Each structure stands twice: as structure tokens, then as C-alpha cells.
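If you read the sequences in order, they're chains A and B.
The numbering of the first sequence is numbering that gives the first Met the number 0, which starts it at 0 and goes up by one.
The numbering of the second sequence is numbering that gives the first Met the number 0, which starts it at 0 and goes up by one.
I should point out that these hints are in silico values taken from the structure, not numbers from a laboratory.
Bear in mind that the values here come from a model prediction, so they are computed numbers and not experimental data.
For every residue, glycine included, the Cβ atom is placed at its ideal position computed from N, Cα and C.
Hints may be right or wrong, so weigh each one.
[Said to hold, decoys possible] Below, simulated DSS-like cross-link-like pairs (lysine-lysine); rule was C-alpha separation at most 25 Å, straight line:
no., chain 1, residue 1, chain 2, residue 2
1, A, K19, A, K80
2, A, K50, A, K86
3, B, K115, B, K143
4, B, K82, B, K143
5, A, K67, A, K86
6, A, K50, A, K94
7, A, K67, B, K115
8, A, K94, A, K19
9, A, K86, A, K19
10, A, K19, A, K67
11, A, K94, B, K82
12, B, K144, A, K67
13, A, K67, B, K282
14, B, K143, A, K67
15, A, K94, B, K115
16, B, K192, B, K167
[As the list claims (entries may be wrong)] If you want the ones that stay clear, here's a sample from chain A, every Cβ over 10 Å from chain B, calculated:
no., residue
17, D18
18, P20
19, G31
20, D41
21, E46
22, N57
23, D60
24, T71
25, S72
26, I73
27, E83
28, V85
29, I89
30, A99
This is what each chain is made of:
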Amino acid sequence: MSARDVTDASFQSDVLEHDKPIMVDFWAEWCGPCRAVSPILDRIAEENPDKLDIVKLNVDDNPETAMKYGITSIPAMYVFKGGEVVKRVIGAKPKPALEADLAEFLV
Amino acid sequence: MRQVIIVGSGPAGYTAAIYAARANLQPLLIASSVDFGGELMKTTEVENFPGFPEAIMGPDLMMRMQQQAERFGTEIVYDDVTKLELSGDVKRVTVGEGTVHEARTIIYATGSAYRKLGLADEARLSGYGVSWCATCDGAFFKEKKVAVIGGGDSALEEATFLTRFADKVYLVHRRDSLRASAAMQDRAFADPKIEFLWNQEVAHVYGDERVAGIGLVSTVDGTETTLDVTGMFVAIGADPRTHLVHGQLDLTPEGTIAVEGRSSRTSIPGVFAAGDVIDPTYKQAATAAGSGVVAALDAEHYLAAQDDLQAAVQPAAATA
Numbered sequence: 000m001s002a003r004d005v006t007d008a009s010f011q012s013d014v015l016e017h018d019k020p021i022m023v024d025f026w027a028e029w030c031g032p033c034r035a036v037s038p039i040l041d042r043i044a045e046e047n048p049d050k051l052d053i054v055k056l057n058v059d060d061n062p063e064t065a066m067k068y069g070i071t072s073i074p075a076m077y078v079f080k081g082g083e084v085v086k087r088v089i090g091a092k093p094k095p096a097l098e099a100d101l102a103e104f105l106v
Numbered sequence: 000m001r002q003v004i005i006v007g008s009g010p011a012g013y014t015a016a017i018y019a020a021r022a023n024l025q026p027l028l029i030a031s032s033v034d035f036g037g038e039l040m041k042t043t044e045v046e047n048f049p050g051f052p053e054a055i056m057g058p059d060l061m062m063r064m065q066q067q068a069e070r071f072g073t074e075i076v077y078d079d080v081t082k083l084e085l086s087g088d089v090k091r092v093t094v095g096e097g098t099v100h101e102a103r104t105i106i107y108a109t110g111s112a113y114r115k116l117g118l119a120d121e122a123r124l125s126g127y128g129v130s131w132c133a134t135c136d137g138a139f140f141k142e143k144k145v146a147v148i149g150g151g152d153s154a155l156e157e158a159t160f161l162t163r164f165a166d167k168v169y170l171v172h173r174r175d176s177l178r179a180s181a182a183m184q185d186r187a188f189a190d191p192k193i194e195f196l197w198n199q200e201v202a203h204v205y206g207d208e209r210v211a212g213i214g215l216v217s218t219v220d221g222t223e224t225t226l227d228v229t230g231m232f233v234a235i236g237a238d239p240r241t242h243l244v245h246g247q248l249d250l251t252p253e254g255t256i257a258v259e260g261r262s263s264r265t266s267i268p269g270v271f272a273a274g275d276v277i278d279p280t281y282k283q284a285a286t287a288a289g290s291g292v293v294a295a296l297d298a299e300h301y302l303a304a305q306d307d308l309q310a311a312v313q314p315a316a317a318t319a
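The shape of chain B in the complex, shown without the other chains (with noise of 0.2 Å):
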């Protein structure tokens, strides 16, 4: 049996597996099959991690995560997590087609997906000019008209990044002001390419094999537009991953998963969640790797608990 099984290989996951090695904890990590290095692997230059005055590429600063991981003991498995047991002292893990991992601690680090407008054509034309990944897909759209829908930083960052295929750009925001950061909404607004449409909301995606329009409805008087792009990208946020531990951990009125005060503790003992997966609010690369050392900390006083009440219990093993 294991001491710690960290679930997820973001920002979080890595660094509660850098610690909790370093520790001497010799953690297992699942990594997942394909999504693994989480969120950032789908971003270019990250510029907001400190140490990087340059800037890092987002799949460049995963690798180097999981190098450091690696060089302490981790242990990375490429397989997705099919079923948690999160009760009892021993904790079950379950991956791909039915290999199970035993742990005494859990830290559960899953991050978020990405969420979709809800449209049925929405997802007939996913890969066919619906994208969720500009990185990934805008080399395509070369000088092509694309949208942009959302508001935050991705939103923009998607937006910014377009600019260097497509002719034109159109952030199409169901508010009239942005959630992004200050510096990400001055190199937006300063974009020449870049045209924003406020209070307005997707409402159809048009094409038959692939996208040829998306119809536009004002959030202020119900107007219709159509918009003339072949390309959409969705940057509308995304929702924590919690449907391994649903009916397992307390969640919050936010989905996120509950955790005493500043702590990583969830409502079961021994099982400790960190990053995206507990962070309504900040869902940050650097917050989310804050996160992962509580977590790890966290499982380390736990375990050496555990460890001296066993001893506590049983004088005579302790003594011998």
C-alpha cells in the first residue's frame, strides 16, 4: 500500500507530488491518459509564473513540473481514474480497465473542464470549426473570420493569440465590461484585429459540415445578428471535475469541493483535494501550486498522526 495517491497532473498535482517525495512519501501520480499537464498544456506563453521573466511556454512548464516530480520518487501512471473509495483507512483507486492503487492518503487535484454553450449544433460542428483550443486550432483559420466567446482571461488570451492567423477577430461578450486582467484587456483593446461585441449571446451555430455563420442575440433588446465567421472558439469558464467523489465529498454551493479554512482537508479523513478542483475564485497556475504544497503538507502531518496514534495503541510494538 501506498502512503499518498495524487489524482491529476496540473500545477496542484505536481507540486504535492514534489513535495510529498521529498518527504519521503514515495507518491504515486495518475496522471490521466491524454489530458495530462492539465490546462496549461493548451496555452502558449505563460507570463504570470514567477521565475519566468521571459515567459514560459505552458506545455514547457508543465514537462519541467514533472521532471522535478520524477527527480524525488514520483511515480507518473498515463491512465484515467475510472472509481475513488474514499472511505476507510485504506483508499481505493481504480484506473483505466480495472488496475486498483491502494493508498493511505488521497490528494485529489482533477482541475476543471471546460464549458460548452449548450447549443446542439455546438457540439455536431465540435472539431469542425467549433474549437476549444486556440492554440491547438488556430493555424487553421488563416485568414479567416473568427469569434471568440467569453470574457476572461482565456477568453482574451484566445483572442490575442487568433490575431496571428485570422484577418478578423470578434470577442462576443454577453456582458458590457471584462472580467480579464488589466494587462490582457489593453493589448486586446489595442488590437486592430480585434473587434468586441458587448451583450450579446450565441444563439445558433449555422453549417452544414462546418461552421458558416453563428447567430448573435442582444442580452439588452433580443436583436438577431448573424455573424459571418468560420470559426468559433468557447472560452466561457469551466466547471470543477467532481464526478469521481460525487456522493463522496461535501462540495460547495459553487461545485468546488469543500475544504476546512485554508486547509486542504476535505470532509473525509485522509483524502485532501488542492487547485482548480477547490478555488471558485483565484484559478491560477501559481495558486493552484500553492494549493498543491498545502495538500501535500497536509497528507504528511495526517500520516505521521496516524503513525503515532498506531504507536500510541500498541505500546509494545513501539517500545520493541
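For reference, chain A alone in the conformation it holds in the complex (with noise of 0.2 Å):
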């Protein structure tokens, strides 16, 4: 099972009006660490079902939502709580290192 797609239209609803941490996945197809973690950010979802959600926006659909945040390198994973970003990582890195950095997530 792969990440869910948000957009610039969805955001509202899908990330920061959401009831629990969600993690936005700032990427996009021409990026290559970004394939290389998408993988990795479904693994720890599905492994913390009822802890932290994870989604995905491509930054070159959907420009509104990642000049807002200032995305300026990707992947960036944001994490979002109760409409504020709570948590930013940056980079792909390993499936460990992910999980160390959203240690307080995903506990």
C-alpha cells in the first residue's frame, strides 16, 4: 500500500484539519532520493497504523502548498499536529534514521 496523494485543494481538510500527526511527504517524479524513501515512509506507515498517518504532495502540482511552507529541497517530511508543523526532516535516509527522528510519533 503506498502513501495517499494530498493536493493544494485537499490540504485543508486532509493535513490540518486532521484529528491525529500526520506526515506530508514534499516530492516529486524527478527526484530520486525522494523514490528512494517513499518506500521506506509506506514501510514505517504500515508498521504504525494507528500512530502517525503519512501522505504525499507533489510539489510540482501542487505549488501553492509547498511555496507556503518553503520547500526548498526534497524529499521534505513534514510532520503536522493540529494544523502546525510539528516535526521537519529533510533528506532521504535510512528506514532506522526515519524512525529516530520520528521516535515521539511513532511510540
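Work from the hints to combine the two standalone chains into their complex.
Rendered as C-alpha cells:
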């Protein structure tokens, strides 16, 4: 199962009004490291079904949201809680390193 | 136990895998969990790899090498090596959270890692305007001013690529001439968006939440200037990735793994090295691929010689 897509139009309801922590993976087709990290995020989501939701946002198709959050490097993985950014992780990393970065949301 | 384990998934690793697989050695290739494909995964058009007159995208080239290696029976593991035990006849490779793979030979082809400037603010603003990958991040600098640091092929390639998006690209180099190839230099010099700042070193990266400018110091007279940019792309070369073999394999004064003559033989029998990790000089995709061939053939000869030796000391078994 791979992460569901969110868009500029759905960001408010899908992410900002979401009732638990949700991580947005800002990515693009042409970004090699994004393609590398995507299956790892899927596995983390699968292994933590009740804790952290993970969705992805294509920065080419949804430039408004990417610009609003000042994305200048992808993959960028932002965790939102109650409409606010509570954690930023930048760059593709191995699974154990990502899990360590996200530990507070996976416990 | 395997005949051969290849560590690394750039041109050297995959080419070694193609040759080893075609020699029926059924290689296992450890590709890493996120950095697989090596440096070419972060490049756009590769124009100097023979056989692709129209150029090929770096990630596409690596995908093809991977498919070619798999076609002949290479098994690929997408995980990170955490420990290597190289002495002895059985080599042990530990990956991820503890799985151990064993083999009679190892081909070590881990390439090199981007060098950093070493400034505290560079690390703090990494991902917030400081980047090592123009192809990944360039598009976020539409109509902005950016700086590329470095004077080699990769610096000029990044600078030229960034002109697609940025209004202005400063090429900051600490010398007064470039190491880059003539073709790359001609292209960059002809580009009206690229301005060369010679004999300048980066002393500061400014900005609270994101890059707001960089401070330069002249290497000639120490004059300090501030450059108004929102992006800084660092392309000052790379260092061989040898941390897994420190204390095990001999290194050269340049920090690469020492090999015997033109071979891939390291200081431990049965351990071979290939690609940028043994090459302080050329560091091209095509030279790395050639180096991978050498390593696979050396491993094949080593295994055959070991088998002959085994047969000689156990004549009964050999004639049975």
C-alpha cells in the first residue's frame, strides 16, 4: 500500500484539520532521493497504523502548498499536528534513521 | 556461503556484478537503502558515457545497469552495511539490523561522499537553502539568485543546470582557474546568467530560518564581501567512503583504498576494491565501470586459484 496523495485543494481538510499527527512527504517525479525514500515511508506507515498517518504531496502539481511552507529541498517530510508543523525531516535517510527522527510520533 | 558479495551500487558495483554474474558466481549486491545507484542518481544528462550519443539521464543509466546485472542472476539487497569482517577465508557482511551475509570474496565499491565546507551554519541551514543536489532542489529557486561553490565538472554542471530556474548563478571558486573539462567551461563561460567570482572562499552562511546570503573572503587580499543569495549549492568534491574498512584495509596517502598496481587487489586476500573508492584522480562513470570489470575478473581468478589449491591438498577428493 502506498501513501495517499494530497493536493493544494485538499490540504486544509486532509492535513490541517486531521485529527491525529500526519506526515506530509513533499516529493517530485524527477527527484531520485524521493523515489528512494518513498517505499521506506510506506513501510513505516504500515508498521504504525494507529500512530502516524503519512501522505504525499507532489510539489510540481501543488506549488502553492510547497511555497507556503517554504520547501527548498526534497524529499521534505513535515509532521503536522493540529494544523501546525511540529517536526521537519529533510533528505532521504535509511529506515532506522527516519524512525529515530520520528520516534516521538511512533511510540 | 556466497562466492562473492559486492558492496556498492554505482557504475563500479553494477559492472562488477554483470561480469561476476556472467561468470556464474551468483553475486549478492548490497545496494544501500537510500543512496542506491550512486552519484549518477543525482545528475541529469550524462553526455560522456560511451554508447549514448544523445545523452542519457543519470538515474536511467543506473536503472539499466541494475537490470543488466539482474538479468544474469545478480541478487540485490536494498540495505546498508554496518560491519565488515574481512580477514580469514570467510568474509562477513552485516547489514541493517543484524542480518549477516557470508562470502569467499568481497568487492568493495562504495564510491565517495560529498565534501562539506565545514561551517556550522552550513549544517544548520542544510535543506533550507544549502544543498548538495541541484537536480533535486534547483526548481525551488525560480527567479532567485543562487551561488554554486566549487570549480570542477560537478560545480559547472550544477551552475549550468541552475540557470534553467534561477535569475542569476554566482560560481564561487577559491582559485583563479577551473579544473572542469573544456566542454563544461565553454558552456558556463557562454552563459549570461553565470557570473564567476574568482579567488573567493565562503566564510559565513547567513539566515535564521533559511539562507539569506553568504559571506565571502578573498584568498588574495582577505577582503570580505556579502553575496545576496537565497540558495547555496556546494560542489567542492568528494571523499572516498572508507569508514567500514578503516583498520582493516591499507589506504593511500590520498585516503583511497590501496590496490596492487592496475589490479583491484587490496591488502587482504579475497578482498577487491573498485571505482571512486580506489581512484583519487579520474572519478568518471566509465572509469568506474572499467574498474568494476577488473575487480570481477580478479575475484574470479582468486576463486579459481583457491579451488585449485584445495584440489591439490585433497587429491583424494579431487580424483573421486
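Open item on the list: Against the 25 Å threshold, does the CA-CA distance of A:K19 and A:K80 hold or violate the hint?
Closed with: holds (6 Å)
Task: 10 Å cut-off, C-beta based - A:I73 kept clear of every residue in chain B - done: Non-interface label on A:I73 violated, nearest chain B Cβ at 6 Å vs cutoff 10 Å.
Task: Least C-beta distance between A:G31 and chain B, which was stated to exceed 10 Å - done: Its Cβ does come within 10 Å of chain B, the nearest being 4 Å, so this is violated.
- [ ] Given the hint that A:K94 pairs with B:K115, test it: the Cα-Cα distance must not exceed 25 Å.
- [x] Given pair A:K94, B:K115 holds - Cα atoms ~24 Å apart, limit 25 Å.
Open item on the list: Against the 25 Å threshold, does the CA-CA distance of B:K82 and B:K143 hold or violate the hint?
Closed with: violated (44 Å)
Open item on the list: Just want to verify: A:N57 was marked as not at the interface with chain B; is every Cβ pair farther apart than 10 Å?
Closed with: Holds, since 12 Å exceeds 10 Å.
Open item on the list: Check the hint pairing B:K144 with A:K67 against an upper bound of 25 Å on the C-alpha distance.
Closed with: Roughly 19 Å separates the two Cα atoms, so the pair holds.
Task: Given pair status - A:K86, A:K50, alpha carbons within 25 Å - done: holds (15 Å)
Task: Beyond 10 Å from every chain B Cβ - status for A:A99 - done: holds (13 Å)
Task: Holds or violated: B:K115 to B:K143, with C-alpha atoms at most 25 Å apart - done: holds (23 Å)
- [ ] For the pair we were handed, B:K192 and B:K167, check the Cα-Cα distance against 25 Å.
- [x] holds (5 Å)
- [ ] Below or equal to 25 Å on CA atoms is what counts here, so check B:K143 against A:K67.
- [x] holds (16 Å)
Taken one by one, the earlier hints fail for this structure at numbers 4, 7, 13, 19, 24, 25, 26 and 29, listed in ascending order.
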